[in-house]
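Each protein sequence line maps, in turn, to chains A and B. Taking the working numbering, the leading residue of the first sequence gets 1, the next gets one more, and so forth. Taking the working numbering, the leading residue of the second sequence gets 1, the next gets one more, and so forth.
These are calculated hints, taken from the structure and not from any lab test. If you're wondering where the values come from, they're calculated on a predicted model, not measured in any experiment. Keep in mind that the hints are not guaranteed to be accurate.
What the hints assert, rightly or not - Capping the alpha-carbon separation at 20 Å, the derived lysine to aspartate or glutamate pairs in EDC-like fashion look like this:
| # | chain 1 | residue 1 | chain 2 | residue 2 |
| --- | --- | --- | --- | --- |
| 1 | B | 49 | B | 309 |
| 2 | B | 216 | A | 31 |
| 3 | B | 319 | A | 31 |
| 4 | B | 49 | A | 31 |
| 5 | B | 237 | A | 39 |
| 6 | B | 110 | B | 56 |
Said to hold, decoys possible - Across the chosen pairs, the derived CB separations fall in these ranges:
| # | chain 1 | residue 1 | chain 2 | residue 2 | range |
| --- | --- | --- | --- | --- | --- |
| 7 | A | 106 | B | 124 | 26 to 32 Å |
| 8 | B | 156 | A | 125 | 52 to 58 Å |
| 9 | B | 57 | A | 143 | 57 to 63 Å |
Glycine residues also receive a C-beta, built at the ideal position from the N, C-alpha and C atoms.
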Amino acid sequence: MTLSAPGPARNLPQYGALIAVLLANWLLFPDFFAIRLQDGRLFGSLIDVLNRGAPVALLAVGMTMVIATRGVDLSVGAVMAISGAIAATMTGAGWSLPAVLAASLAAGLLCGLWNGVLVAVLRIQPIIATLILMVAGRGIAQLVTEGQIVTFTSPALAFIGSGSFLTVPMPVVLTIVVLAVTALLVRATALGLMIEAVGVNRLSSAGAGVNTPVVLVAVYVWCGLCAAVAGLIVTADIRGADANNAGLWLELDAILAVVVGGTSLLGGRFGLVLSVVGALIIQAMNTGILLSGFKPEFNLIVKAGVLLVVLLLQSPTLTLFLPRPKGARPIGTVKPPVAPTSGGAKP
Amino acid sequence: MSRKWVISAATAAAALFIGLGAVQAADKKLVVGFSQIGSESGWRAAETKTAKAEADKRGIDLKISDAQQKQENQIKAVRSFVAQGVDAIFIAPVVATGWDSVLKEAKEAKIPVVLLDRQIETKDQSLYMTAVTSDTVHEGRVAGEWLAKQTGGKCAVVELQGTVGSSPAINRKKGFDEIVAKNPGMKIVRTQSGDFTRAKGKEVMESFIKAENGGKGICAVYAHNDDMAVGAIQAIKEAGLKPGKDILVVSIDGVPDIFKAMAEGEANATVELTPNMAGPAYDALIAFKKDGKAPPKWIQTESALFTPDTAKAEYERRKDAY
């Protein structure tokens with residue numbers, strides 16, 4: 001089953017880039033693919049990529065839905081901070097895990113509802129509507145934690161961050177579950193079609209009988225929920241809520257993951273799995289840079305360079321110049337800075 | 001002329017209020033206005049709390065103005081302190097530049113200014129009386145010296161740097177590097193930025209452990225702040241190693257959580273960045289008011305090293321201040 005639109009060849013840049021980044025990591029660090037069990041939990045650099053990539057992957061799942069309606073949600077990082085702050089503060093106050101989880105998720109839901117109402121009912125442009133919560137949300141989180149890093153010792157909550165299910169780290173399990181549920185919701189029902197319709201043209205889809213405000217509110221609520229789960233994970237991971245830093249700038253990584261995954265910011269068509277692949281590409285680079293021993297000053301430049309290449313591969317103008325041999329060519333697709341120029345320079 | 005009159009009237013009014021407050025106090029109570037940056041971190045909150053406590057100890061009337069990270073608010077606060085005619089103004093400057101004109105106003109009103117915890121850039125050094133700050137290069141040196149002594153000068157260190165380009169990150173690295181250069185057996189095998197946060201400290205440490213043969217090649221981790229060290233401790237534990245034993249942990253700042261970790265045997269040393277910046281400033285001010293002797297332009301706070309043996313008591317002492 002492909003969750004993205006037309007033809008498997010379209011997915012080549014994403015999968016090709018992921019494989020290329022992983023191979024590059026392997027070249028820089030020969031033990032990259034080595035995996036062992038440590039305290040009943042998978043342990044290795046590849047697992048780190050999945051585990052550390054989980055929060056952005058979760059955000060990307062929610063963000064894909066929003067972007068498919070031609071919107072954007074800038075508040076997800078702040079929502080992460082709020083959900084984490086609530087979880088840590090309530091756990092510290094002695095609440096049970098179910099109550100803590102319910103409250104954190106409810107906070108994410110409320111934040112999504114707020115964004116959704118601003119966009120769908122009050123018709124404020126998404127980038128501005130969600131900017132409000134992006135700015136205010138971190139303040140709310142700081143109010144909850146009273147400006148401090150609230151730590152907790154509850155093993156139950158910590159399990160979400162560093163526990164495992166059948167040796168797979170919990171963040172990875174949660175991401176797979178959320179991805180599967182989302183895919184089921186949008187592809188097994190007409191919801192996905194409606195989201196795409198709203199993204200293509202809100203007026204005409206309303207004219208065709210789609211209840212556009214409900215669809216819009218639903219995607220922002222879902223995005224808020226995904227962000228709340230991501231917030232729980234990062235809080236559980238460090239056993240503390242850091243309202244100043246939790247999820248900081250992750251909204252940008254999430255949007256990047258979605259775009260790298262091939263979903264257009266103009267809305268309409270979306271690929272859920274590919275957005276997660278996009279998130280993994282970003283994290284594979286981060287982990288690779290950490291393993292490589294480059295100086296930290298280079299981190300951002302290396303990251304930007306690789307992303308530029310992946311995005312160039314998807315550029316409709318540049319792909320015209322790419323040679324088109326038949327069959328799969330994952331490696332060839334990812335060495336492109338040379339390919340387009342040489343192709344274009346041919347007399 | 002009228003301006004001076006206003007100032008002296010304000011001073012008289014302030015003195016009158018103080019006089020009403022403490023009738024039996026024979027000599028005039030010192031009034032200090034303190035323009036604080038805000039409360040963005042636990043350390044900052046502790047600095048404010050300590051400033052209040054130290055003022056009470058010395059019988060000083062402290063007026064605090066919270067600038068919420070904005071220089072314009074700090075400038076407004078300083079102007080209002082000048083108008084109130086306080087005896088001294090303390091500033092924890094949010095940025096290094098742009099202070100000249102407002103400090104000139106304070107100088108014209110003959111109100112001494114003391115900078116706390118950060119320096120400013122100005123051509124005219126006479127605009128402030130003194131600056132009380134820690135020496136961040138020295139902090140790195142203290143951490144390095146402890147590690148060199150502890151390991152007999154033989155240690156493969158991984159370093160968690162602060163935010164790239166920030167002055168504490170640059171200086172804490174510089175000081176530590178000086179000690180490494182003096183000990184041929186010491187080497188920094190990996191260094192990366194953990195952005196001063198727990199989450200990044202943990203992520204970077206996870207990679208270091210994998211890159212250095214499952215952590216077997218690492219003798220110690222040096223973190224530019226305690227929060228990153230706390231994250232690194234978790235990464236070490238999750239890799240099946242013992243922080244504090246298999247891999248030594250040394251960091252800087254002295255926040256309560258690192259004392260907790262030391263008490264549990266999971267961290268080995270921290271260099272304190274004392275939140276008591278106001279105390280030395282009050283002492284310098286009192287001496288100045290008494291015999292007019294100006295203090296040196298820079299008062300360096302102590303960068304004390306703490307180890308697990310006092311950790312429990314230190315944690316109890318600090319947990320409420322932060």
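Original post:
Any of the earlier hints contradicted here, and which numbers?
Top reply: 1, 3, 4, 6, 7, 9
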